[in-house]
Each structure stands twice: as structure tokens, then as C-alpha cells.
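Student: Chain by chain, the residues run as shown.
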Amino acid sequence: MKDVLWLLAMLALPLFGSGVLRIPLVRNLDLPARVSLAFATGAVVLTTLMFAMSVVGIHWTRAAILIALVMVLAAARPALRGTAMPFARRPLALTLLTVITVLTLYGILDARETCGDLIYFWGPKGQQFYLSEKIDTEFLAWPHYSLMHPDYPPLIPEIYAWGSMAAHRFSWWGALLLTPIYLLATTFAFRGLVRQRLGDERASAYAVLLGALLAFGFARGMVAGAGEPPLILFEIIALTALTFHGHSREGIALAAIALTGVVATKVEGAAFAAILIFAFILTRRSIKAALAAALPAAAFLGAWILFASHYKLIDQYGRAGGKLNLAGLWPVLHWTTIQASYGVWWAPWIAVSAPLATTRRWRQAAMPLVVSGGLVASTIYFYLHGEDLSWWLLWIRTSAERVLLAPLACLLVASAASSE
Amino acid sequence: MPRVERVVVTVATLLMIAVLAQRLYTRGGPYFTRPVTIVDRVGPRPYEIEPTLRLLPQIRPLLPRNASVACFQPVKGVQAYQMDNFFAAVGQLPYQKVIPSFAAATDVPLENLAQYVVAIKEPFTHPSYDLVATFPQGRLYKVRR
Numbered sequence: 001m002k003d004v005l006w007l008l009a010m011l012a013l014p015l016f017g018s019g020v021l022r023i024p025l026v027r028n029l030d031l032p033a034r035v036s037l038a039f040a041t042g043a044v045v046l047t048t049l050m051f052a053m054s055v056v057g058i059h060w061t062r063a064a065i066l067i068a069l070v071m072v073l074a075a076a077r078p079a080l081r082g083t084a085m086p087f088a089r090r091p092l093a094l095t096l097l098t099v100i101t102v103l104t105l106y107g108i109l110d111a112r113e114t115c116g117d118l119i120y121f122w123g124p125k126g127q128q129f130y131l132s133e134k135i136d137t138e139f140l141a142w143p144h145y146s147l148m149h150p151d152y153p154p155l156i157p158e159i160y161a162w163g164s165m166a167a168h169r170f171s172w173w174g175a176l177l178l179t180p181i182y183l184l185a186t187t188f189a190f191r192g193l194v195r196q197r198l199g200d201e202r203a204s205a206y207a208v209l210l211g212a213l214l215a216f217g218f219a220r221g222m223v224a225g226a227g228e229p230p231l232i233l234f235e236i237i238a239l240t241a242l243t244f245h246g247h248s249r250e251g252i253a254l255a256a257i258a259l260t261g262v263v264a265t266k267v268e269g270a271a272f273a274a275i276l277i278f279a280f281i282l283t284r285r286s287i288k289a290a291l292a293a294a295l296p297a298a299a300f301l302g303a304w305i306l307f308a309s310h311y312k313l314i315d316q317y318g319r320a321g322g323k324l325n326l327a328g329l330w331p332v333l334h335w336t337t338i339q340a341s342y343g344v345w346w347a348p349w350i351a352v353s354a355p356l357a358t359t360r361r362w363r364q365a366a367m368p369l370v371v372s373g374g375l376v377a378s379t380i381y382f383y384l385h386g387e388d389l390s391w392w393l394l395w396i397r398t399s400a401e402r403v404l405l406a407p408l409a410c411l412l413v414a415s416a417a418s419s420e
Numbered sequence: 001m002p003r004v005e006r007v008v009v010t011v012a013t014l015l016m017i018a019v020l021a022q023r024l025y026t027r028g029g030p031y032f033t034r035p036v037t038i039v040d041r042v043g044p045r046p047y048e049i050e051p052t053l054r055l056l057p058q059i060r061p062l063l064p065r066n067a068s069v070a071c072f073q074p075v076k077g078v079q080a081y082q083m084d085n086f087f088a089a090v091g092q093l094p095y096q097k098v099i100p101s102f103a104a105a106t107d108v109p110l111e112n113l114a115q116y117v118v119a120i121k122e123p124f125t126h127p128s129y130d131l132v133a134t135f136p137q138g139r140l141y142k143v144r145r
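Chains A and B, in that order, are what the protein sequence lines are.
Take the first sequence: its position 140, counted from the start at 1, is 140 in my numbering, and no numbers get skipped.
Take the second sequence: its position 43, counted from the start at 1, is 43 in my numbering, and no numbers get skipped.
For reference, chain A alone in the conformation it holds in the complex (with noise of 0.2 Å):
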């Protein structure tokens, strides 16, 4: 019962994200995209209205988040009316995301998809941050934690903490659960915001294949519970919304929203956002869109990095700085090439870019490609920070076929894109 009342919780996020259904390009969207991009909000709102609290040393009560949550709802006067089932004339993408959920909902409740840094970090932290009704930074900032990265942003465990208040603990199952709930968001999200372009049938089957490439990632990359699915989930409403909406404010202002989550999520996030940022200054040549769409993210990235500054909690975002060790260069691009194969001899790679090949509208498509190549780059230049040979093995074995996620799925924004 508790583990149902922590899932009720979650999907009470789209109320406090009611807001974004004030922009006219989303509220123009069908029923499923909307609820998907409210979730996504409402997880960057409750985000930071928790990480306020903590600040100001408020404690997180559940009166004083239904106050707020209130105030958000008498704000945004949400409306829910449109198309319910938006697949509905589509039965063979129906059928294959049916048959992508069932799978995935499979491998979740038959413990076959689970990351191991839930129970190590993400969990702890969410239960720990619950029973102290706030961050709890003398929790992060004892020495003996300090591998549970004490300076991780805090949209996971505060969206944790969430689900703890309502339910009165913390769930595993609950927190493994919501990555079929990410996916479908993202699945969503994504037809929604492309359909206007790319017409309903084409929409349907790239979001579809969005779906089918993030289910198998999943599983592969065994993130449930962890950082990966919502941050795939904000990276792909940002990216998207200023592939194909960048022109627009209402564009810039969801992409604004959705990488305020993407800094908000993992310490990787800081990188995809700089990325997208530059490819759209690249290809758009609009620099006061693209600080428009940044800001909110740059500043929510600011205060988190000083809050824990001022703890004393820096830890990954230090390692910025780190030494570059080229001596590296052959065997982080040996290793990191072996686990992009994610043993099926590369065939999400070939999959998300066949489309790309048949079309071959490059100009369209430059964007995600930029910010695909880009996170690639990143990666890369991330690895190249390793020590010595186990350390880069170790290092690219538990994390390359997680982290490459991203780049496989602004791929697959590419190939839709340029498909138009």
C-alpha cells in the first residue's frame, strides 16, 4: 500500500508543473504530451521550490508543499481537455509501444533492470533527505559518504523525499517503477512536440523508435532508479523543443524549463546544457534566445554550486579543473568503442541513424547532430581524466553505456529532424 501511495505521489508531479500549460505551444499538444511535459516541470518546480526550503531553513512538511502546490494550481488555472489517446489511429505504433511498455514494466518488477546506485546513493539519499525534512548536508558532508557524491544536484532525491512524505518511507520498488513512467513521459513529450512538424503517422513512428531504442538502453544499461531516465527525459524536451519550436519563445521557454531539470538532475547535465547552448548559437545564430533559454538553468547550476560550497559538499563539480591525461587517448577510445557496441554489435547506433541516411537532410538536422557529436566529445574528454589503465576500464565498463544514452538519443531527434 505504501509502495502505491509513494507511486501516487510521483504522479502528482504534473500539478505542480500545471504552469507550462499557460504556453500556447503546449497547450496546443495532445492530452498525453501535456501531462508529460507538465510531469517533467513539475519535477523541475517541486525541485526547486524543496531546494528553496532548504535554503531558507524551512522544513519540508507535507502542509507546507500542499500550500505551495496550491498556490502553483490557483496560478496556473490548468485546463486537461484534447486528444486522450494519441496513437489511437496509429494501431501498429499502438501495438509496438504496448509491447515496449509491457517489456520494461517486465524487467522492472522481475528486479531485472535495477542500477546499483540506487541502493548505494540516490535511495539513501532520498530517505535520509525525508527523515530530516530538508537536504541533510551534515549527512552529505560526512567523510565516511563521501562516495555517494555529496554534491550531486538534488532533483532525484528531493523527488525521492516527495514520495517518502506522502507514503511515510521511502519505496525501492516505487523508485524502479518510475522508469516506465520516464519513458512513456519521454515517448510522449517528444511526439507531441514534433507532430505539428513532421504530421501525425511520422511523428508516431520516431517516437515509437524513441521509445523502443531508451526501453533497450535501459535495460542494457541497467538505470532504473538512477539519474539517467529523467535526465533523458529533460535532455530530449530541451533538445527537441529547440530543434524544432527554437524560433518561437514558447519554444525557448520550454527548453528553458526542461534543461533547468537537465542541471538540476546530474552533474553531466552541466555539459549537455553548454552543448546545446553552443550548437543552437551555431546553427540558429541567435545568441539572445539561446541566453534566454540558458538562464534559468545557469542559475539554478549557480546556487546549487554554492549551497554546497558553502558546506563544504564540492566534490564532482571540482574535478572540472582535473588534469588531461592523453597518454589514455588509445585505450579510453578502445574501451569506450567496445561498450558503445552495447553488445549487439552497435545496432542502436545503426538503428537511430538509418533514417538520417535514407533522408539526408543534414542542414535540418545539424542541431542534435552538433549536440550528439558534442556529448560524444564530452564523454571523451571526461574519460581522459583517469589515472592509469584500471581506473579507465573500470570507470568506462560501469558508466559508457549509460552516459552514451544521450548522444544515441539526440540521434534519433536528428533522424526525425531530418526527416521533415
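Calculated from the structure, these hints are not laboratory results.
None of the values given here were measured: they were computed from a predicted structure.
Heads up, none of these hints are tricks.
Cβ-to-Cβ under 10 Å is the rule here; a few derived chain B residues that face chain A:
1) 19
2) 21
3) 22
4) 37
5) 38
6) 49
7) 53
8) 86
9) 87
10) 88
11) 90
12) 92
13) 98
14) 99
15) 100
With a straight-line Cα cutoff of 16 Å, these simulated EDC-like cross-link-like pairs (lysine to aspartate or glutamate) come out:
16) 121/B with 50/B
17) 97/B with 136/A
18) 121/B with 48/B
19) 312/A with 136/A
20) 97/B with 138/A
21) 323/A with 387/A
Using N, Cα and C, we set each Cβ at its ideal position, and we do this for glycine too.
Got chain A sorted already, so can you dock chain B onto it with the hints?
Tutor: Frame of chain A, contents of chain B only:
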């Protein structure tokens, strides 16, 4: 949508679904029994901390709030630091203070020893600890003060 593009995207989707199904299958059986822990089927071989995740929920009710607890698999009867067992215990014992295994070393003064030791699989032979309970996956010890 041109036919070629439709075929390419559909085949790509089917390919990804096939490798997803293959991935789930190769985690090994049993395929349709309820898992006890969240790591029961993550690989063809048992996950390192599976016994820990089975043991700690059974031990949890026996521990007083705020007690200091060390959790490890003893090596030749003495403490040995294992990062995975340590952090798994932090998550599984939220109402206790989980401390590293060396708080149960033989050279630690009595007043600084962990109040409880959760010994995974192997027995723990520290002279200052008494056995409290035994489970299939390990034992619980309490310091004698």
C-alpha cells in the same frame, strides 16, 4: 511518409524491441516468480549484495533507533571494509547510524566499537561481541559493555 522511410523506421524499432527482449531473457531464470529483493535478476550470476538485501530487512526490527551499526562480510572472523555492503546498509537501516566496518576492529577501544555488527554469511569472532540472532544469510552481534 515515404515507404522506404516507413520501412526503415519500423525495422529499426523491431530491432530494438528484439534486443530488449533478448537482454531481459539473458538475465536468466526463473522468469515468472516474484523477486524478493530489487536485485534478484540483474544478471545471470547472483548480485554481490543480494544476501545483504535479504538479511537487513530481517535484522531491522531487532535494532534500536540511533544505534551504531557496522555491516560487512567478515574475513577469517574479523572485520573487512566492503563499500557495497556499507552503502547498502546505509539505505536499508535509515533509523540507525551505519558506520564503516573498522569501527568493529580488534584494536578499537571498547567505548568506540560499533554497538551492533551485521555479519554477512561468515561468523564474526571479536571477543567483545555476543551473538544476538542467526539468519540464513548472516548473523547479528551486539557489543558487550
